[in-house]
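Under the numbering used here, residues 1 to 290 are what the sequence shown spells out, in order.
Source of the hints: derived by calculation from the structure; they are not laboratory data. In this text, all values refer to a predicted model and were calculated from it rather than measured experimentally. Among these hints, one or two may not hold up.
Said to hold, decoys possible - Label pairs and their in silico Cβ distance ranges: (1) Ser241 x Trp149: 28 to 38 Å; (2) Arg193 x Gln125: 30 to 40 Å; (3) Gly225 x Gln17: 27 to 37 Å.
Using N, Cα and C, we set each Cβ at its ideal position, and we do this for glycine too.
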Amino acid sequence: MGSDRDDVLWDIACPKQSSRVPGITMAGFGDRGITPPSIRLIPHPAVTLLLVLDGTIAVEDATGHQRRGSFVTGLGFGETIHGLRAQTFECLQVRMSPVVAHAVLGAAAELDNAVVTLDDLWGRQAAQLTEQLGALPSWEERFAWTDAWLARRCAAAPRVDPEVAWAWHRITATHGMIRIEHLAAELGWSRLRLWSRFHAQIGLPPKRAAKLVRFDHAVHNLVAGQDAAGVAADRGYTDQSHLHRDIAAFTGLTPATVVDEPFLAVDDLAWGWPGPPTTRPRRPPRKCLG
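Assemble the whole structure, with the sequences as input and the hints as a guide.
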């Protein structure tokens with residue numbers, strides 16, 4: 001299950017089975033001893049839970065402030081330049097749709113491009129969680145244990161409103177290219193109501209969430225070798241300059257340089273491009289249409 005590619009910084013393990021909870025993907029990472037002092041994080045349209053089982057990982061923001069240990073990053077974290085620093089580590093990463101994260105993490109799902117340590121979030125329970133995982137002898141056992149734990153948390157927690165969940169799935173199914181006024185019209189809501197409910201439960205305003213999803217698909221198209229002009233046309237940007245501005249806003253890089261970022265290679269290996277499949281959204285919930 002480990003990666004044999006020489007250009008990848010870490011050994012990567014992936015579950016043999018999909019999660020029983022739709023909207024969750026997992027991967028395990030082990031340091032190869034070649035991790036550079038700092039790695040740029042690339043924003044992703046998911047809430048990320050990183051469980052550090054051994055070694056040290058620290059997330060550093062643009063001000064230089066570091067948070068060490070296991071942590072949760074909000075939807076789109078990394079938009080202002082954030083770095084990851086690591087020393088001989090082993091960790092399990094869980095990426096969650098914000099719809100699922102709301103049930104698993106509660107208020108922590110609404111971090112809005114921020115990060116919180118699990119110690120701050122759960123106290124002693126955070127250490128117990130990583131100790132239990134670290135004691136398991138194989139990645140498959142760790143994945144299975146984590147999946148069962150996530151399923152229990154989801155079953156016991158309230159979910160986001162069905163209209164909000166539908167709006168998120170509609171955004172991901174259209175690769176972020178749906179206009180927000182059309183989304184509101186399909187729901188039978190005003191734009192203000194959609195903005196308020198979506199922002200409160202997902203963690204970003206709907207327009208910002210759509211922009212993040214579109215960016216994610218665009219940047220992976222670039223990594224796959226498509227030229228910037230073609231990506232701009234395929235992803236609904238007004239022109240190549242518009243794509244350039246979005247890439248710069250999310251990463252501080254250009255379309256030509258962002259493709260070399262290690263985190264995008266990790267995406268390709270650990271989850272496959274362009275990421276976990278999304279369920280095609282059905283019509284809006286009936287109670288929205290009256």
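The hints, checked one at a time:
no.: 1; hint: Ser241 x Trp149: 28 to 38 Å; result: violated, 46 Å
no.: 2; hint: Arg193 x Gln125: 30 to 40 Å; result: holds, 36 Å
no.: 3; hint: Gly225 x Gln17: 27 to 37 Å; result: holds, 31 Å
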